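J.: Going down the list, the protein sequences come from chains Y and G. For the first sequence, the numbering used here begins at 1 and goes up steadily by one. For the second sequence, the numbering used here begins at 1 and goes up steadily by one.
Hints were generated in silico from the structure; no laboratory data involved. Remember, predicted model here, so these are calculated numbers, not experimental data. Using N, Cα and C, we set each Cβ at its ideal position, and we do this for glycine too. Please note that a few of the clues may not be correct.
No farther apart than 20 Å at their CA atoms in a straight line, the calculated lysine to any residue pairs in the SDA-like style are these [unchecked claim]:
| hint | chain 1 | residue 1 | chain 2 | residue 2 |
| --- | --- | --- | --- | --- |
| 1 | G | K119 | G | G104 |
| 2 | G | K119 | Y | T118 |
| 3 | Y | K161 | G | T124 |
| 4 | Y | K149 | G | A102 |
| 5 | G | K118 | G | A130 |
| 6 | Y | K161 | G | G105 |
| 7 | G | K118 | Y | T118 |
| 8 | Y | K86 | G | A80 |
| 9 | Y | K86 | G | L19 |
| 10 | G | K118 | Y | R39 |
| 11 | G | K119 | Y | E107 |
| 12 | Y | K86 | G | S165 |
| 13 | Y | K161 | G | G140 |
| 14 | Y | K86 | G | V86 |
| 15 | G | K118 | Y | K149 |
| 16 | Y | K161 | G | H166 |
| 17 | Y | K86 | G | H83 |
| 18 | G | K118 | G | S106 |
| 19 | Y | K86 | G | A154 |
| 20 | G | K119 | Y | I120 |
| 21 | G | K118 | Y | G116 |
| 22 | Y | K161 | G | R90 |
| 23 | Y | K149 | G | G87 |
| 24 | Y | K86 | G | R149 |
| 25 | G | K119 | Y | T106 |
| 26 | Y | K149 | G | S91 |
| 27 | Y | K161 | G | L29 |
| 28 | Y | K149 | G | G163 |
| 29 | Y | K86 | G | R90 |
| 30 | Y | K86 | Y | R127 |
| 31 | Y | K86 | Y | A143 |
| 32 | G | K118 | Y | E129 |
For each label pair, taking beta carbons as the anchor points, the in silico distance ranges come out as [claimed, not checked]:
| hint | chain 1 | residue 1 | chain 2 | residue 2 | range |
| --- | --- | --- | --- | --- | --- |
| 33 | Y | C58 | G | A102 | 21 to 27 Å |
| 34 | Y | G34 | G | K119 | 24 to 30 Å |
| 35 | Y | V132 | G | L13 | 31 to 37 Å |
| 36 | Y | F3 | G | E131 | 30 to 36 Å |
| 37 | G | I58 | Y | A59 | 40 to 46 Å |
| 38 | G | A102 | Y | A4 | 51 to 57 Å |
| 39 | Y | A142 | G | Y81 | 36 to 42 Å |
| 40 | Y | F3 | G | A103 | 54 to 60 Å |
Chain by chain, the residues:
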Amino acid sequence: MTFASAITAFAAASAFSALSALAHLAWVRAFSMGNAGIRAFPGCFATGFALMLGALLCAGAGPLGLFEASTAFAFLFLAYAETMFKAYRGFSHTIVCDVARQPGVTERELYGAFAGGTGIDAMFERRLETMVSTGLIEREGAALRATRKGRRAAAATLAFKRFLRMGNGG
Amino acid sequence: MGAEAHAVGQATLLAAAGLVVFAAAHVALWRIFPRAQGLRSLVASGALAACTALGACIAAGAPVPALIAFLPTFAACMLAYLHWYVGTWRSLSVRALEEIAAAGGSLTEAELDERYPKKGMLSTRVATLAENGWIVAREGGLFPSARARLSASAIDRVRSFYGISHAG
Chain Y
1 MTFASAITAF
11 AAASAFSALS
21 ALAHLAWVRA
31 FSMGNAGIRA
41 FPGCFATGFA
51 LMLGALLCAG
61 AGPLGLFEAS
71 TAFAFLFLAY
81 AETMFKAYRG
91 FSHTIVCDVA
101 RQPGVTEREL
111 YGAFAGGTGI
121 DAMFERRLET
131 MVSTGLIERE
141 GAALRATRKG
151 RRAAAATLAF
161 KRFLRMGNGG
Chain G
1 MGAEAHAVGQ
11 ATLLAAAGLV
21 VFAAAHVALW
31 RIFPRAQGLR
41 SLVASGALAA
51 CTALGACIAA
61 GAPVPALIAF
71 LPTFAACMLA
81 YLHWYVGTWR
91 SLSVRALEEI
101 AAAGGSLTEA
111 ELDERYPKKG
121 MLSTRVATLA
131 ENGWIVAREG
141 GLFPSARARL
151 SASAIDRVRS
161 FYGISHAG
């Protein structure tokens, strides 16, 4: 009984997270979202999660089955999120792709040829724009100013780095 | 129903206990051996914590449903922590934000580049990738390792499916 319930829960989590991933892919392609497609996946997975809970409740799942399915779904969601962040924004992964595409490229050439010709300068400019759009910094003329939210976030990450002696990072 | 709810509570407590063991092992490892930093030490700490928690529970006679429910709970918490950990450690945006905050909250882009040079971003990351066997520097150029070629092929496929261009 225990194992059957767990298998059902894990199967439901796998099935609905796979459907959520397919829904994200279909949405991104249907609306030609390109690089903006990363914004769509939390909504797809939130819908998938709700549908999974509904299906399990209709099938008579108890608290343990719902708990197992929810935590397994959370794990799969986080694994998908990690993959998406790497695909959309992964700095190391993009360097690896560039080097694989152009073996023998020098670091100087890579600076301008980064991400298939985007270049490091444009890449970093995009990151600054994302930080502006997420309210971490704002532009004041030529200056970049950390907002209150940005200062709090920086304080948290700096404290974490100092505590674990991680160095400057980045 | 009562037994199931009890098992959920036990699984949650088990996961919390596992996370405490993990945090202690992880922090101790990094503070005592800062050069041992890396994902391998993190995974090792996580595995140690999971085994410790499971072992203690089996010894204490915890019911099987709680043990089964503990596994995805602990795995999800570990993955969430990994996101936070790698993001804080490696993120270019996080570092840029920290530099701006540390400079009194405001910097021009030129000043930011002085404190956190873009050329340095690339050099540091290339050095890390070389150290971890992803790329090889020789004859003045950079070459992919076998696993880098495999990884690049997989990433290119994902990017192609999702219509991602100019990533990074």
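J.: All hints, please: hold or fail.
T.: Going down the list of hints, with the structure as the test:
1. G/K119 to G/G104: violated, 24 Å
2. G/K119 to Y/T118: OK: G/K119 and Y/T118 at ~15 Å, within 20 Å.
3. Y/K161 to G/T124: Cα-Cα ~17 Å, so holds.
4. Y/K149 to G/A102: holds, 14 Å
5. G/K118 to G/A130: Distance ~19 Å between G/K118 and G/A130 Cα, so the pair holds.
6. Y/K161 to G/G105: holds, 19 Å
7. G/K118 to Y/T118: holds, 14 Å
8. Y/K86 to G/A80: The given pair, whose Cα atoms are some 15 Å apart, holds under the 20 Å limit.
9. Y/K86 to G/L19: Violated. Y/K86 to G/L19 sits at ~26 Å, over the 20 Å cutoff.
10. G/K118 to Y/R39: violated, 26 Å
11. G/K119 to Y/E107: holds, 9 Å
12. Y/K86 to G/S165: Between Y/K86 and G/S165 the Cα gap is close to 13 Å, so the pair holds against 20 Å.
13. Y/K161 to G/G140: violated, 34 Å
14. Y/K86 to G/V86: Roughly 12 Å between the alpha carbons, so the hint for Y/K86 and G/V86 holds.
15. G/K118 to Y/K149: With a Cα-Cα distance of about 24 Å, the restraint between G/K118 and Y/K149 is violated, given a limit of 20 Å.
16. Y/K161 to G/H166: violated, 30 Å
17. Y/K86 to G/H83: holds, 11 Å
18. G/K118 to G/S106: At roughly 18 Å apart (the allowed maximum being 20 Å), G/S106 and G/K118 satisfy the hint.
19. Y/K86 to G/A154: holds, 11 Å
20. G/K119 to Y/I120: holds, 8 Å
21. G/K118 to Y/G116: Holds - the C-alpha atoms of Y/G116 and G/K118 are around 17 Å apart, at most 20 Å.
22. Y/K161 to G/R90: Satisfied, since the Cα-Cα distance of roughly 11 Å is no more than 20 Å.
23. Y/K149 to G/G87: holds, 17 Å
24. Y/K86 to G/R149: holds, 16 Å
25. G/K119 to Y/T106: Holds, at about 13 Å.
26. Y/K149 to G/S91: holds, 17 Å
27. Y/K161 to G/L29: holds, 14 Å
28. Y/K149 to G/G163: Violated - the C-alpha atoms of G/G163 and Y/K149 are around 32 Å apart, more than 20 Å.
29. Y/K86 to G/R90: holds, 12 Å
30. Y/K86 to Y/R127: holds, 14 Å
31. Y/K86 to Y/A143: violated, 29 Å
32. G/K118 to Y/E129: holds, 16 Å
33. Y/C58 to G/A102: 21 to 27 Å: violated, 54 Å
34. Y/G34 to G/K119: 24 to 30 Å: Holds - the Cβ-Cβ distance for Y/G34 and G/K119, about 28 Å, lies within 24 to 30 Å.
35. Y/V132 to G/L13: 31 to 37 Å: Cβ of Y/V132 to Cβ of G/L13: about 43 Å, so the range 31 to 37 Å is violated.
36. Y/F3 to G/E131: 30 to 36 Å: About 44 Å separates the Cβ atoms of Y/F3 and G/E131, which means 30 to 36 Å is violated.
37. G/I58 to Y/A59: 40 to 46 Å: With Cβ atoms ~30 Å apart, the hint is violated.
38. G/A102 to Y/A4: 51 to 57 Å: holds, 56 Å
39. Y/A142 to G/Y81: 36 to 42 Å: Distance hint for Y/A142, G/Y81 holds at roughly 38 Å.
40. Y/F3 to G/A103: 54 to 60 Å: holds, 57 Å
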